[in-house]
Amino acid sequence: MKNLLVTRAIILVSMTVVALSLTSCGGSGGTGGGTDSTSSKSDEALIGAGSSFDNPLFSKLFSEYDKANSVRVNYQSVGSGAGISQLTNKTVDFGASDAPMNGKQDSAISAPALHIPVTAGAVVLSYNMPEIKDTLMLTPTVLAEIFLGKITKWDDPKIAAINKGVKFPSTSILISHRSDGSGTSNIFTTYLAKVSDEWNSKVGKGSSVNWPVGLGNKGNEGVAGLIKQTPGAIGYIELAYAVQNNMAFAKVQNKSGNYITPSIASVTAAANINIPADSKVSLTNTDATDGYPISGFSWVLIYKEQKYNDRSLDRATKLVKLVSWMIHDGQQYSSALNYAPLSANAVSVGDAILKSATYDGKPILQ
Amino acid sequence: MDAPVDKGMVGSGAETAEMNLLRTANAPSIVSAVSRLKKSYRQIRTESIFKRALVIMGLAMVVLVLGILFTLVVESIPSIKALGFKFLWGKTWDPVQDIYGAYPFLLGTLLTSFIALIISVPFSFAVAVFLGEYYPKGWFSDLLKNTVELIAAVPSVIYGFWGLAVLVPTVRSFESKVGIQPIGVGIFTSSLILAVMIIPYAASLGRSMIQMVPSHLKEGAYSLGATRWEVIRSVIFPYTKSGLFAGILLSLGRALGETMAVTMVIGNTSIIPKSIFAPGNTMASVIANEFTEADKPVYVSALIELGLVLFLVTVVINVIGKKIISRFTNE
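These protein sequence lines map, in sequence, to chains A and B. Numbering-wise (this note's numbering), the first sequence opens with residue 1 and increments by one. Numbering-wise (this note's numbering), the second sequence opens with residue 1 and increments by one.
Derived from the structure by calculation, the hints contain no laboratory data. Please note: incorrect hints may appear among the correct ones.
Claimed, not checked - Within a straight-line C-alpha distance of at most 25 Å, the following computed DMTMM-like cross-link-like pairs (lysine to aspartate or glutamate) qualify:
hint: 1; chain 1: A; residue 1: K194; chain 2: A; residue 2: D106
hint: 2; chain 1: A; residue 1: K194; chain 2: B; residue 2: E149
hint: 3; chain 1: B; residue 1: K177; chain 2: A; residue 2: E131
As the list claims (entries may be wrong) - Distance ranges between label pairs, derived from CB positions:
hint: 4; chain 1: B; residue 1: F114; chain 2: A; residue 2: V213; range: 21 to 31 Å
hint: 5; chain 1: A; residue 1: S110; chain 2: B; residue 2: M57; range: 47 to 57 Å
hint: 6; chain 1: A; residue 1: R8; chain 2: B; residue 2: G138; range: 45 to 55 Å
hint: 7; chain 1: A; residue 1: V213; chain 2: B; residue 2: S208; range: 42 to 52 Å
hint: 8; chain 1: B; residue 1: G138; chain 2: A; residue 2: L5; range: 57 to 67 Å
hint: 9; chain 1: B; residue 1: S176; chain 2: A; residue 2: K150; range: 37 to 47 Å
All C-beta atoms in this analysis are idealised placements derived from N, C-alpha and C, irrespective of residue type, glycine included.
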């Protein structure tokens, strides 16, 4: 009898303990788990995580770097947000993000993180109207009104006014936007928020917003798929994706009044502006006269003070040298993959930021 | 003087029996008796270990489900604190202003699942009756049975691709003929795909239930002059009511949780659908889409709370279903 009672008590206690331990594996448990992965011996690979936009470029860069310097780099394309949280939890050496860290992420991270721009991309407006032969031209106001749902048909006079001589069909406009959170959405909505007060107050900017009209689709492929299938559709996708899939995209009028065709050259030109010392700048609605207005940097994020979790000086030096190579010699691989090389301004700002990375208070790069 | 030997009882009398056997000094029988004793001990131990192992594995399942529930609740607390119960009937999902309302997704999930169920039930019942009653054996029955089970084996992502490539253009041309805005994606399309995906569950369970109807009941009805349809209606269906309903419940559970196929064809708009052809969104597809890029703690917590709501909706529907089944079997 007593044995039975004891057995039952033991079962109950162990059940509770197991149930509680299963629940404590929440977000807070993650910090405890990963403290050792970046502090290991210096001959192990460097680890990075973040933006999926950068993934094709990084695959090429890291394999070339390994060939030249025998340093392996593992990159996980998990999305900018996940990359930042992994950096916050110190489970990776560097993160990669299409947007600078926002206020909430800044307060969650324990030490300051440096943002080094490594490449730039453009968001293009792709459309499906086989009837018109010339490239569609769009102004910021008309673009915002289309995405706000105020212009609903292609033969609206406001569109005809900027595309003189083009005969538009009377199909309804179908908007295709992203359903998943993404850096592409971030760049696009930041641009719309800058050029349209109504967009700024009604919708705002971010990786995920409450779109007033349109259908959501997963990934660049989803948006492009819907555009290709639906006559009268318009949506925003990455330049690299549009070029590789031969999709028609629009010219957009920039701040200086010129209609710019999105291309690698016009994105690099967009980055030819005054870049602040911390490089946290949005290239949207750029001041550059021949820059494409819907462009954005992609940043690599590292901790400013590299001595944490018993990281070695060797590992920190390897990391800083890797990022330095990415913004100098690594830029030669960008154009072939449809990424825009950094402008000279961006490279010099990146250099200055890298020089401020320290190990135990002393700068790593001399 | 020999003390009486315990007649085959193991336990407290065993040692006395052993000593008595030694006194009779018959070596082979001692050895065999002792080994018989050890074997009996082993059998008892094996029995109790086996039972204990079963109990532990069963408890492990319970602990796992409770653990999941605890995790969901604990991680949703920041969102519950920020939004309160308005979450359940809030109509806006705005990550920029941190306003989260689950109502459009709740509606989308329930609409797609129930419409899919309504569309699939005639098909699964038809297959169940066909395989259970008309062709219980034979090559055609095997073919049909394996094909229906294959429907369940196809990964849901493939259904999504098929939907996007084949079903959406078909629905779009249908919509333009009927005069609705020809989008193609929407609640209707995702209900169609879900209906196809959930047919096997009710069909398989229904078929085994129908095959288990005792033949003397059916033969009695036939001998009284009943036609096939009358036998099915008056003998088989009343007998298998609870099993068929359990199959429907299984299908519904699958439809509620389906993520990948739905997210590709539902249109992903966070607005309350105005008609069955309008685009919408479901809880599972919102979580799948937005979780990796959720960059604010309240946002992540709101998504987890959405998962908690989905979990609870599934539990509630299962409980209601079980009550209905027990009501049927008691009548």
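Do the hints match the structure? See the list:
1. A:K194 with A:D106: holds, 23 Å
2. A:K194 with B:E149: Judged against 25 Å, a Cα distance of about 54 Å means the pair is violated.
3. B:K177 with A:E131: holds, 22 Å
4. B:F114 with A:V213: 21 to 31 Å: holds, 27 Å
5. A:S110 with B:M57: 47 to 57 Å: violated, 42 Å
6. A:R8 with B:G138: 45 to 55 Å: holds, 53 Å
7. A:V213 with B:S208: 42 to 52 Å: For S208 (chain B) against V213 (chain A), whose Cβ atoms are near 49 Å apart, the range 42 to 52 Å holds.
8. B:G138 with A:L5: 57 to 67 Å: holds, 58 Å
9. B:S176 with A:K150: 37 to 47 Å: violated, 24 Å
When each numbered hint is compared with the structure, violations occur for hints 2, 5, 9.
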